[in-house]
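Residue numbering for the sequence shown follows this note's numbering, beginning at 24 and increasing consecutively.
The hints are simulated quantities; they were obtained by calculation from the structure and are not laboratory data. Treat the hints with care, as some may be off.
[As the list claims (entries may be wrong)] Derived DEER-like restraints, expressed as beta-carbon distance ranges:
| id | residue 1 | residue 2 | range |
| --- | --- | --- | --- |
| 1 | Ala128 | His52 | 15 to 21 Å |
| 2 | Asp113 | His52 | 17 to 23 Å |
| 3 | Met112 | His90 | 39 to 45 Å |
What you are looking at is a predicted structure, and each value in this text was computed from that prediction instead of being measured. We treat Cβ as the ideally placed atom computed from N, Cα and C, and that holds for glycine.
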Amino acid sequence: LHPSTCPLHWLCCPEFTFRARKPGCGGLHITTDTCWGRCETWEVRTESRRESYAKPVLDPPYIESYHRVCTYNKTHLVTVQLPTCSANMDPMYTYPVVLRCDCGAVVEKVPNCHT
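Based on the provided sequences and hints, a complete structural model is requested.
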């Protein structure tokens, strides 16, 4: 990834190497960029909020949190051929490659948002 495609490039888009494999085939090491890491976050304590429109936080810990994580914005799929597959196995392996990462809020309903 070009540094301009990722905010905080050194935190958000590190290289990641994994071993692609499936039953009946040899493994293949793949190195790609990934969206992972932390982004600028902040917390606001109720007593420090001076805006007249701000409502107090009534529940402990009496803080509003804005925690953002590095998440995928745009990906495309790449297919490679795994080595030494048995005759009855499809040697093709498909995985997502990140094109752009963004900092976004954690969405509790998205299963992979916390990883």
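For this session: For Ala128 and His52, compare the CB-CB distance with the range 15 to 21 Å and indicate the outcome.
Result: Given a distance of about 34 Å, which is not inside 15 to 21 Å, the answer is violated.
Exercise. Honestly, do Asp113 and His52 meet the 17 to 23 Å range at C-beta?
Worked result: holds (20 Å)
For this session: Evaluate the given range 39 to 45 Å for the C-beta pair formed by Met112 and His90.
Result: Cβ of Met112 to Cβ of His90: about 43 Å, so the range 39 to 45 Å holds.
Consistency with the previously given hints fails for number 1 only.
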